[in-house]
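This is what each chain is made of:
Number of protein chains: 2
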Amino acid sequence: MREDVSQMKWWGWGDEHTEFDASDKPGLMPFISRALGLQEEDEQVVGPVALEDVELPSQVLTQGFLDEMRSSLREDQVKTGDKERLVHSYGKSFRDLWRIRRGIVDSSPDCVIYPESEDDICALVKAALAHDVVLIPFGGGSNIAGCLENRESNSRMVVSLDMKRMDRVVEVDADSCVARIEGGTPGPVMEKQLNEQGFTLGHFPDSFEFSTVGGWVATRSAGMQSDKYGKIEDMVLSLRMVTPSGVLVTRTVPKSSNGIDVNHICIGSEGILGVITEVSMRVHRLPERKEFYGYLFPDFESGVRAVRECVDADCMPCIARLNDPGKTALSFAFKSKSGETFFKKLLGKAVKKYLSAVKGFDMDKVCLMIMAVEGDSRTFRRLRSQVHSIYKKNGAFKLGISPGRAFQKSKYDFPYLRDFAMDRGVVCDVSETSTVWSNLLPLYYSTIKSIEEAILSTGVQSFAGCHISHCYHTGTSLYFTFACMENGKGTIDQYLRIKKAAEDAFLRGGATLSHHHAVGYEHAPWIEDDISETGLLAVRAIKDGIDPAGVMNPGKILPGDRPLEDWGLAEDEAQESQEAGS
Amino acid sequence: MREDVSQMKWWGWGDEHTEFDASDKPGLMPFISRALGLQEEDEQVVGPVALEDVELPSQVLTQGFLDEMRSSLREDQVKTGDKERLVHSYGKSFRDLWRIRRGIVDSSPDCVIYPESEDDICALVKAALAHDVVLIPFGGGSNIAGCLENRESNSRMVVSLDMKRMDRVVEVDADSCVARIEGGTPGPVMEKQLNEQGFTLGHFPDSFEFSTVGGWVATRSAGMQSDKYGKIEDMVLSLRMVTPSGVLVTRTVPKSSNGIDVNHICIGSEGILGVITEVSMRVHRLPERKEFYGYLFPDFESGVRAVRECVDADCMPCIARLNDPGKTALSFAFKSKSGETFFKKLLGKAVKKYLSAVKGFDMDKVCLMIMAVEGDSRTFRRLRSQVHSIYKKNGAFKLGISPGRAFQKSKYDFPYLRDFAMDRGVVCDVSETSTVWSNLLPLYYSTIKSIEEAILSTGVQSFAGCHISHCYHTGTSLYFTFACMENGKGTIDQYLRIKKAAEDAFLRGGATLSHHHAVGYEHAPWIEDDISETGLLAVRAIKDGIDPAGVMNPGKILPGDRPLEDWGLAEDEAQESQEAGS
Numbered sequence: 001m002r003e004d005v006s007q008m009k010w011w012g013w014g015d016e017h018t019e020f021d022a023s024d025k026p027g028l029m030p031f032i033s034r035a036l037g038l039q040e041e042d043e044q045v046v047g048p049v050a051l052e053d054v055e056l057p058s059q060v061l062t063q064g065f066l067d068e069m070r071s072s073l074r075e076d077q078v079k080t081g082d083k084e085r086l087v088h089s090y091g092k093s094f095r096d097l098w099r100i101r102r103g104i105v106d107s108s109p110d111c112v113i114y115p116e117s118e119d120d121i122c123a124l125v126k127a128a129l130a131h132d133v134v135l136i137p138f139g140g141g142s143n144i145a146g147c148l149e150n151r152e153s154n155s156r157m158v159v160s161l162d163m164k165r166m167d168r169v170v171e172v173d174a175d176s177c178v179a180r181i182e183g184g185t186p187g188p189v190m191e192k193q194l195n196e197q198g199f200t201l202g203h204f205p206d207s208f209e210f211s212t213v214g215g216w217v218a219t220r221s222a223g224m225q226s227d228k229y230g231k232i233e234d235m236v237l238s239l240r241m242v243t244p245s246g247v248l249v250t251r252t253v254p255k256s257s258n259g260i261d262v263n264h265i266c267i268g269s270e271g272i273l274g275v276i277t278e279v280s281m282r283v284h285r286l287p288e289r290k291e292f293y294g295y296l297f298p299d300f301e302s303g304v305r306a307v308r309e310c311v312d313a314d315c316m317p318c319i320a321r322l323n324d325p326g327k328t329a330l331s332f333a334f335k336s337k338s339g340e341t342f343f344k345k346l347l348g349k350a351v352k353k354y355l356s357a358v359k360g361f362d363m364d365k366v367c368l369m370i371m372a373v374e375g376d377s378r379t380f381r382r383l384r385s386q387v388h389s390i391y392k393k394n395g396a397f398k399l400g401i402s403p404g405r406a407f408q409k410s411k412y413d414f415p416y417l418r419d420f421a422m423d424r425g426v427v428c429d430v431s432e433t434s435t436v437w438s439n440l441l442p443l444y445y446s447t448i449k450s451i452e453e454a455i456l457s458t459g460v461q462s463f464a465g466c467h468i469s470h471c472y473h474t475g476t477s478l479y480f481t482f483a484c485m486e487n488g489k490g491t492i493d494q495y496l497r498i499k500k501a502a503e504d505a506f507l508r509g510g511a512t513l514s515h516h517h518a519v520g521y522e523h524a525p526w527i528e529d530d531i532s533e534t535g536l537l538a539v540r541a542i543k544d545g546i547d548p549a550g551v552m553n554p555g556k557i558l559p560g561d562r563p564l565e566d567w568g569l570a571e572d573e574a575q576e577s578q579e580a581g582s
Numbered sequence: 001m002r003e004d005v006s007q008m009k010w011w012g013w014g015d016e017h018t019e020f021d022a023s024d025k026p027g028l029m030p031f032i033s034r035a036l037g038l039q040e041e042d043e044q045v046v047g048p049v050a051l052e053d054v055e056l057p058s059q060v061l062t063q064g065f066l067d068e069m070r071s072s073l074r075e076d077q078v079k080t081g082d083k084e085r086l087v088h089s090y091g092k093s094f095r096d097l098w099r100i101r102r103g104i105v106d107s108s109p110d111c112v113i114y115p116e117s118e119d120d121i122c123a124l125v126k127a128a129l130a131h132d133v134v135l136i137p138f139g140g141g142s143n144i145a146g147c148l149e150n151r152e153s154n155s156r157m158v159v160s161l162d163m164k165r166m167d168r169v170v171e172v173d174a175d176s177c178v179a180r181i182e183g184g185t186p187g188p189v190m191e192k193q194l195n196e197q198g199f200t201l202g203h204f205p206d207s208f209e210f211s212t213v214g215g216w217v218a219t220r221s222a223g224m225q226s227d228k229y230g231k232i233e234d235m236v237l238s239l240r241m242v243t244p245s246g247v248l249v250t251r252t253v254p255k256s257s258n259g260i261d262v263n264h265i266c267i268g269s270e271g272i273l274g275v276i277t278e279v280s281m282r283v284h285r286l287p288e289r290k291e292f293y294g295y296l297f298p299d300f301e302s303g304v305r306a307v308r309e310c311v312d313a314d315c316m317p318c319i320a321r322l323n324d325p326g327k328t329a330l331s332f333a334f335k336s337k338s339g340e341t342f343f344k345k346l347l348g349k350a351v352k353k354y355l356s357a358v359k360g361f362d363m364d365k366v367c368l369m370i371m372a373v374e375g376d377s378r379t380f381r382r383l384r385s386q387v388h389s390i391y392k393k394n395g396a397f398k399l400g401i402s403p404g405r406a407f408q409k410s411k412y413d414f415p416y417l418r419d420f421a422m423d424r425g426v427v428c429d430v431s432e433t434s435t436v437w438s439n440l441l442p443l444y445y446s447t448i449k450s451i452e453e454a455i456l457s458t459g460v461q462s463f464a465g466c467h468i469s470h471c472y473h474t475g476t477s478l479y480f481t482f483a484c485m486e487n488g489k490g491t492i493d494q495y496l497r498i499k500k501a502a503e504d505a506f507l508r509g510g511a512t513l514s515h516h517h518a519v520g521y522e523h524a525p526w527i528e529d530d531i532s533e534t535g536l537l538a539v540r541a542i543k544d545g546i547d548p549a550g551v552m553n554p555g556k557i558l559p560g561d562r563p564l565e566d567w568g569l570a571e572d573e574a575q576e577s578q579e580a581g582s
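Same order as they appear, the protein sequences are chains A and B.
1 is the number of the first residue of the first sequence in the numbering used here; add one for each residue after it.
1 is the number of the first residue of the second sequence in the numbering used here; add one for each residue after it.
One thing to keep in mind: the hints can contain errors.
The list treats identical chains as one, so a pair stands whether inside a single copy or across any two.
DMTMM-like, lysine to aspartate or glutamate: derived pairs with alpha carbons at most 20 Å apart [claimed, not checked]:
| hint | residue 1 | residue 2 |
| --- | --- | --- |
| 1 | LYS192 | GLU171 |
| 2 | LYS411 | GLU55 |
| 3 | LYS228 | GLU309 |
| 4 | LYS192 | GLU52 |
| 5 | LYS290 | ASP314 |
| 6 | LYS290 | GLU196 |
| 7 | LYS290 | ASP312 |
| 8 | LYS228 | ASP312 |
Because the hints were derived from the structure by calculation, they are not lab data.
Predicted model only: the values in this text are computed from it and were never measured.
Put together the whole structure using the sequences plus the hints.
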């Protein structure tokens, strides 16, 4: 049987996944056509590209290492076949999917190993050191910053260390609300085990279906309920990380003053220091009540004001996802047939007229807010009423429960839309950052402008939208989505220019290279600008001290001498950029 | 004039300070007598020890360094006199005060430099590197973990880098609730500048009068309102730190995913990597209303349950300081004459009878809770009523506003009590830690037992008490206070045995070496046990990478080969301890 590798999309090859049914979204294709100028004939079916047609990079197999592994592990824990190698070649960035659907596999691990215990991992790391073999920790494979790709430049054998068999909630200390969880546990598997004991972690990133606890911690992930539950780094009490210098173990205490916080050396380390085998996390009792609601704000600015007032009044809902006009239009286009009917009724001519004439809404500027409140009945009612008052005061029109529930139902669907769009020759991706309140709107305007200009300069029509979904006392995240049609040159270059425009805008605008997507190699060209030369030196010092042989996930976080070239820009373009930047 | 060095107490020599008026605390001496067996004749007046009688360690002056400094700074920024050296010799630990009041100055810096800008500090660090001179950052001088003491073992010249002239709130971004504050700014100076603009940092450690922003960040400090405002590490958005490898600068953003978090490399670094010159902190609008209240719980366990229920119900007051029976007795003994009258009235025979007979209180077990609520009127009322219900449900008796206000008035007084007690030959200090809820009471019982046994083994009567004052979703801090009479041997040994018993109990009991007092050299013997060998290696790697010449604050955090001996235990005792521990 010829197996089609271009079936590797947001989901992995053979993974269980949600079915994305475009036929239930009647507004979607018209929207894409309108926004991007997609013609019917643009539908571009790439492939099928069969596994046997893909030329995998030549395989480096260090026999001594393999012998040692096969003697300490079972046979089915050590795999060197083409399919295993391919599935572990990339994460799920636009660049990754773009390559895989064309059968371009220019880097790949040589072997995949499935540890089942910390002891297995210790044996693996020991053998890797003894035989100078590179290890790349692999959780759910959903990373979009290039953290999972083989970037070894010294021709050593490279092993993808797949954590999927370490997927247990080991222990719940119900009195303390602390759960000890194995690093390889995927979101749904973890929540099921926690829910059975009455708890939730409260961490629901868009990648939830396919990402793991260890991966979240290693990348400083954020979930859609972070306004209530915090970012992943706020949830970690302690962890265990196997490194080339031994097992790093911290104590399960709420807070400490024990010098430099070594939890924070492991959190965000993206596999360059070791493998996170276990994390003790803060968990919460399941809420009594929870409901989602939709609101329409007259414009983005009034929505931002409302979010800010909720923060000030200490009444943040657990979700407050404010879409700008672009993302609002996309969200409406994304709704199902039943949603369509609902919206036709709700936003039918009479209501639209009311919004325009009476409330003075400009329907091209309206912004959809998805809001969710949870808690015991009393807290639920108090929060809902406080939030509603603040939204209303800022001019919002309440859409009610239906759009909220629609969001809840489709909350993990957006990444599937990317595959749907890519099937039709669309370049589309996201870039996200965070900044303080006073800089929020300036950064929003300037980034949208930069992205749009970059897209237009590639000769095609531009879509750029943004939403705000993680709020803090001092500011928020800004999550940009951009899209355009491929301009027919058939290279990744068009994408890189747009991505670069977004990241440049962040750094130029005083923001950070990513709020929750990690550095990997995709954002490495901006790391020095973000954390300063001395900050980078500190990170290098830890790397050199813990992993002097450099066997752990090389080429991530720490850039080489020519970061933009390593990233993929042609030498002259990289040169040009560097000069423009300096 | 003969100046009395034993006047260096909790306050510095010549510092403005609160007057501690024992004559207004009629219950204090009777309590100390009862608790510790103090006899009237025990009052031990040490000194006066005049500066000219103190033998300061011989002074190492590297002329090339001094010339360079005097050419880049003004004359009054570089001081080498005896008084300056003495004042910067120690922090304010029990051991520090014990030595200073006897005129024992066995270590001291050779020179004190007062930078007035980051440029001054850059010049200073550059000269230190060029001439192999050691630098010890010095904020308010209140550290009690030995962070400020000269522990240089290679006879290099040692400079105390006093930050007191960098004491400005540089900028308040009111829209973002972010304040940029110079590292040397002391608590009161900072709050005054913030209050004038309508803000507060919300950080009020016991050392508030004498400690600085940079010191708080470098030691991972916690203030008495941490339940509302968080620990200092939760407040930092970005910082600037001058290191021997350049200036480390991070970006002022609420959150990021930019690899290993370099803010957290600087936070808690206790001067071993560099000097924190500036921090951008999360600040808050001043609350509309605030009030303190006192409650009596029938016992410690019911108080703990009440605190826990407030955490679960998400209605933590901004202060909830629960004293165990020992600390409750001390608090009552600490009250002023007017408080005495109030308590006589309130806890007069009739009420005591009511509490005993009707409510079944055992008056030897009652526990005082000081609680404070703040916020806008609505939040204030809601919180107060929620907390009150929970306290009442757990058997608490409301004492009302007076004891709360008494606490508020005397909230920075406890360190002064230590000097008062030391004047009378009392050994007294604190040790604090944190643990998860399920371990809270077991750790409390076992630590009290360890401390009491250690004191008794030194041949004197024992006092050990505890309070809880920093609460988290997963646990709390535990703050132990211990006291006994000096046993007449005239050495620091008695103190070290007791302190060691407390720290051993923490580590053996699964807790951490300190919740907010830092490592310094006082807690260095326990660091490896706390963060693991590999964790310590990571910290060493950063130190070696950023400060390869080892000029920044040697001997802190990172222990030597014989940590307990370096700490002060005689060789045979240290040996014995090590064997018992292993």
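Hints and how they fare:
no. : hint               : in the structure
1   : LYS192 with GLU171 : within (14 Å within a copy, 48 Å between copies)
2   : LYS411 with GLU55  : neither (36 Å within a copy, 72 Å between copies)
3   : LYS228 with GLU309 : both (16 Å within a copy, 18 Å between copies)
4   : LYS192 with GLU52  : neither (38 Å within a copy, 72 Å between copies)
5   : LYS290 with ASP314 : both (18 Å within a copy, 16 Å between copies)
6   : LYS290 with GLU196 : within (18 Å within a copy, 41 Å between copies)
7   : LYS290 with ASP312 : between (22 Å within a copy, 17 Å between copies)
8   : LYS228 with ASP312 : both (14 Å within a copy, 14 Å between copies)
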